[in-house]
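Work out the full structure, taking the sequences as your base and the hints as a guide.
2 protein chains.
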Amino acid sequence: MSDRKGTLYVVSAPSGTGKDTVVRELLRLHPETAFSVSATTRAPREGETEGKDYYFVTRERFAEMIERGEFLEYAEYTTASYGTPAAAVDAALAAGRDMILVIEINGANNVKRKRPDAVLVFLVPPSFEELERRLRGRGTETEEQIAARMEKARAEILHMDEYDYIVKNDTVPHAVSDIESIMAAERLKAAKCIESVKGGLGI
Amino acid sequence: MSDRKGTLYVVSAPSGTGKDTVVRELLRLHPETAFSVSATTRAPREGETEGKDYYFVTRERFAEMIERGEFLEYAEYTTASYGTPAAAVDAALAAGRDMILVIEINGANNVKRKRPDAVLVFLVPPSFEELERRLRGRGTETEEQIAARMEKARAEILHMDEYDYIVKNDTVPHAVSDIESIMAAERLKAAKCIESVKGGLGI
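In order, the protein sequence lines correspond to chains A and B. When the first sequence is numbered by my numbering, its final residue is 203 and no position is left out of the sequence of numbers. When the second sequence is numbered by my numbering, its final residue is 203 and no position is left out of the sequence of numbers.
These aren't lab readings, by the way, just hints derived from the structure by calculation. Think of the CB as a built atom: it goes at the ideal place given N, C-alpha and C, for glycine as much as any other residue. No false leads were slipped in.
Each computed SDA-like pair below joins lysine to any residue, with the alpha-carbon atoms no more than 20 angstroms apart: (1) B:Lys192 x A:Asp164; (2) A:Lys189 x B:Glu162; (3) B:Lys198 x A:Met150; (4) B:Lys192 x A:Pro126.
Some chain A residues flagged as far from chain B (calculated, every beta-carbon gap over 10 angstroms): (5) Tyr55; (6) Thr78; (7) Glu132; (8) Arg133.
See below:
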C-alpha cells in the first residue's frame, strides 16, 4: 500500500480521433501508469494477448460478472460485450498507481457516478475535416460508414462538457504532453497530496 | 478581449521558502503571464521601480483606496501597508492573460472569497530543517528573529489545506515545472476552454 492513492483517468473521444495512439504513447513514456484491461465476449484477433489487450470471456461468464456487480461499467452490443472489471482498477489505485481507462462516452458517465474521484479527459480532433480525413485514411470503411461515423462524432462531441478536461489531438506529442500536465497537476492537488506532504514535513 | 479569460494564480508560502525566486523564474520563462504589482505605503528601496516592483502611495491615498473598495486584499502593519489593486488584476484576466499574485496566507483567503475562480498554490519547503538553513543563510537576522520566523512558518503551513495545490520547493526548476503543469492543466479544464474548443470546431 502506498501513502498516496492513485487516480483513475478516463479517456474518451469520437472514433477516429486517435485516442488509442495517444494513450499507447503515454503508457510507453510512463510505464508506472496502469492500463485498465477490459473483459470482452468477442474472439481474440491476431496478435491480441489474453490479459494484456483483453480478458476474453464467454457470454455466460460476462453475464455472471454483470450479475455480481463486478463491472465499473459495461456495454452490450449485438456483436459483442465489453466491460471494465472494478477489482483491477481498485487494486491499482490502492497501490498508488494511476490508471488509464479508455472507454466510450456513455461508459465514462457511469464510471464518474461510481467513482466520483475519476478524472475525465475528452480528446477532440483538431477539426471535423481532419477527423473525416483520418477516417478516410484508414481505407477500411465505405462512404456510408464514414458518413455514419461523422454523424456519431458530431453527436458525441456535444458531451465534452461532461468531462473535466478537454485535450485537442492535433499532434500525438502535443496531446500526450497535455495529458502529462493534467496528471502532474492532479497529483499536486492539496486534497490528494496533503497527507504525504505533511508526512514529509513531520507534522 | 480574448475569447478565453485568464486565470488568477495566488502563490503563498512561509517566509524563507523561496516563493519570490520561483515566481521570478516562472515569469522569465512565461513573459505572457502577468504579475500583480502591489500598492504599498513604504518608501522605495534601492533598485525598486514604481509600477514594476510596487506602486508607491501615501498613507492618505492608501486609505482612500481601501474606502473605495479598490483592493482585492490588503494588509496593514505598523511599519507599512500593502494591497492588491483589483482593477489591474481584472484587466489582465479580461485580456486573456493569466496573472500571478504573491501574497500572505490571510490575503489569499480574502482573494478566494472575492474571486472564487482564483487558483491557490501553496509552496512548501522540503523540510523545516532546510527552511531554517535558508533563513540562516540570508545572514540578515538574529537567532531570535529566526526562531520567530520558524514558529510562524509552522503555524502558516497548517493552512495549506485551504489551497488548491501544494508544490514542494526542493529545487527552483522543479517547483517552476510543477506550477507550469498546474497552469497548463487549468487551461485544459472543460469549464475554461469549452467555448474556444467549440469555436475551433465550428459548433
